[in-house]
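Following the hints, complete the assembly by docking chain B with the ligand onto the known chain A.
Top to bottom, those sequences are chains A and B. Our numbering numbers the first residue of the first sequence as 1 and each following residue consecutively. Our numbering numbers the first residue of the second sequence as 387 and each following residue consecutively.
It is possible that some hints are incorrect.
The following label-pair restraints were derived from C-beta to C-beta distances [stated by the list, open to error]:
hint: 1; chain 1: B; residue 1: Glu516; chain 2: A; residue 2: Lys151; range: 35 to 45 Å
hint: 2; chain 1: B; residue 1: Gln469; chain 2: A; residue 2: Glu9; range: 52 to 62 Å
hint: 3; chain 1: B; residue 1: Gln457; chain 2: A; residue 2: Pro175; range: 49 to 59 Å
hint: 4; chain 1: B; residue 1: Gly420; chain 2: A; residue 2: Lys305; range: 33 to 43 Å
Restricting the straight-line Cα-Cα distance to at most 20 Å, the calculated cross-link-like pairs of lysine to aspartate or glutamate (EDC-like) are [claimed, not checked]:
hint: 5; chain 1: B; residue 1: Lys499; chain 2: A; residue 2: Asp25
hint: 6; chain 1: A; residue 1: Lys254; chain 2: B; residue 2: Glu502
hint: 7; chain 1: B; residue 1: Lys499; chain 2: A; residue 2: Glu145
hint: 8; chain 1: B; residue 1: Lys419; chain 2: A; residue 2: Glu145
hint: 9; chain 1: A; residue 1: Lys151; chain 2: B; residue 2: Glu519
hint: 10; chain 1: B; residue 1: Lys530; chain 2: A; residue 2: Glu130
hint: 11; chain 1: A; residue 1: Lys254; chain 2: B; residue 2: Asp459
hint: 12; chain 1: A; residue 1: Lys151; chain 2: B; residue 2: Glu516
hint: 13; chain 1: A; residue 1: Lys254; chain 2: A; residue 2: Glu148
Source of the hints: derived by calculation from the structure; they are not laboratory data. Since the structure is predicted, the reported quantities are computational estimates derived from the model, not experimental observations. Here a beta-carbon is modelled for each residue, glycine too, at the ideal position from N, C-alpha and C.
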Amino acid sequence: MKPINQMREVVVAGIGTTRFNVYEDKQWFHLGGEAILNILKDAGMQWPDIQAAFCASVYQGTGSGHQAIKEVGLTGIPVVNIENACSSGGSAFRLAYQSVAAEIYDIVLVLGMEKMPRGPIPSTAFRPFELQMGFNVQPANYANETVEYMKESGATVEDFSLVSVKNRKNGALNPNARFQKPVTLEEVMASRMVAKPMRLLHCCPLADGATGFILCSRDKLKSASKAVKVASSVLSSGVYGDAFYPSALVDSVKFPAKEGMTEMSARMAYEQAGIGPEDIDVAQVYDTMAPSELWDIEKMGLCGKGEAPRLLREGKFNINGQIPVNTDGGLMSRGHPLGATACAQIYEVVLQLRGEAGPRQVEGAQVGLCHASGAGPNSSVTILKK
Amino acid sequence: MEAVNLAEQLKTNGGETIIMTESGEKSRIPIRKGLWEQSGEGDVRLIGSSCLSCGEIFFPVQDSGICTHCQGDRLEVIKLSSQGVITSFSVVYQKPAGGFYGGPIPYSYGFVKLPEGVKVETLFTGCDLEELEVGMEVSLVIEKLCENAEGAEILTYKFQPVKIKGDKSNNVHTGGLNNETN
Ligand SMILES: [Zn+2]
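If we strip away everything but chain A, and leave its shape as in the complex, we get (with noise of 0.2 Å):
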């Protein structure tokens, strides 16, 4: 098994986005062509330029991905559908990139795009009975894992809180965010109560969106200024004994994992790009419920255990701050179209690394690092480096 680190450089040539928003008279297909053309733009590329295609969505279906790419045009390129729940778009990121990095491809698509269903969702990531016993909640899911982290780190309702407070002023510096509003930490605290502890504001609101990028490797790059560099994008689908709710799944007390699922894809993601949290310059970790935020940002090791309420308190997330997180709002603002939320926070960090993130621009950002995990489990990481 040769390390992906030393085969062949992959860079980001291009990004595109649509807003995020609750689109009634759009499907997920019209969003994805969107941004598609988008992201050529940005590349400087024609449509034939792409090689192949890796298209993450949850809830779309079948052949999914094909109906954005006829929006522009079928080229007999091979078109892949991606579905890893919400690790999605950092699955299908992945996969592409390893296909530049071996020299399968040069230039490749990545799209992740979603319509969110309105109505009853077909579930596939619980057993029949569990679903039946309604343990398919995912901000109470959430809420089991909260409570235990409140009970190990002394965290309290206002402090997570202070994440969607936090996270909803940067959305508001966000034109591309479904929420452009701040909210005090008084609304959140009364708003309505969804799932104890988890209120209305502690969770991400549903919105649809497509987010996507051109990969290829350095010889060609139409505009190399713009370019990003891929240091590293790994994926962890679960260890045995490690307690993940979201997926039903308990810890093991016999056997309890050396390494929990999220802490090992944050390892590896540093291993593969050589270098370890206290490079990374910005931070885009998954807050799909305002808690998760906090025990995220620990397990990808950017503070100790235990620290992240205190830290965030003290404003070292802010966007001024010294590892500033979720500048663009997070989920929190731009909300959560499953399959493209990954290909935002990657989109977010080239932005910040290009040094285009107009008012949420962080000072001299080198490094940027995304998180996003969900059902599955899945866990997957992106670093990417000036």
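What follows is chain B with the ligand alone, placed relative to chain A:
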């Protein structure tokens, strides 16, 4: 006693059972076969798997017959303890997505650690949901979850507090089948 009758019927046919009530016949169906077992005395236990190679314990029974810890294939079916401790829980205030859940709302679910070490994801019952606490001792009951389209009662396992704080009365339900107030 109804609980005993039901237990015997469950024992004899291992699944669906017909109960005579004042309003006529009513069918009771476990949510899934093989999640629990009830003795003739009404003693109810969850059923799990134990790996004879490494000692790991699973709930529910491993359908594959393989231990997912050591991949050994020598598993035995075991009866799990019917009391445990709440390690975490949530109270859900809105109907879950997907239309799979037909029980009452709000409802509570979370995790109970049994003395064997295994954690069980479960619904909670038998008290005001606001009274649930981490660390609370709870015991197993079999209760109605909902009715299916044909009007049959779907039964499931739940855990309820052994004793409610501040309530001196004995809150232990022996058979559990008499508690269908939700
Ligand atoms: Zn074993």
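Evaluation of the provided hints:
{"no.": "1", "hint": "B:Glu516 with A:Lys151: 35 to 45 Å", "result": "violated, 19 Å"}
{"no.": "2", "hint": "B:Gln469 with A:Glu9: 52 to 62 Å", "result": "holds, 59 Å"}
{"no.": "3", "hint": "B:Gln457 with A:Pro175: 49 to 59 Å", "result": "holds, 51 Å"}
{"no.": "4", "hint": "B:Gly420 with A:Lys305: 33 to 43 Å", "result": "holds, 39 Å"}
{"no.": "5", "hint": "B:Lys499 with A:Asp25", "result": "violated, 48 Å"}
{"no.": "6", "hint": "A:Lys254 with B:Glu502", "result": "holds, 9 Å"}
{"no.": "7", "hint": "B:Lys499 with A:Glu145", "result": "holds, 15 Å"}
{"no.": "8", "hint": "B:Lys419 with A:Glu145", "result": "violated, 29 Å"}
{"no.": "9", "hint": "A:Lys151 with B:Glu519", "result": "holds, 12 Å"}
{"no.": "10", "hint": "B:Lys530 with A:Glu130", "result": "holds, 15 Å"}
{"no.": "11", "hint": "A:Lys254 with B:Asp459", "result": "holds, 18 Å"}
{"no.": "12", "hint": "A:Lys151 with B:Glu516", "result": "holds, 18 Å"}
{"no.": "13", "hint": "A:Lys254 with A:Glu148", "result": "holds, 18 Å"}
Figure legend: structure checked against the earlier numbered hints; hints not met, in rising order: 1, 5, 8.
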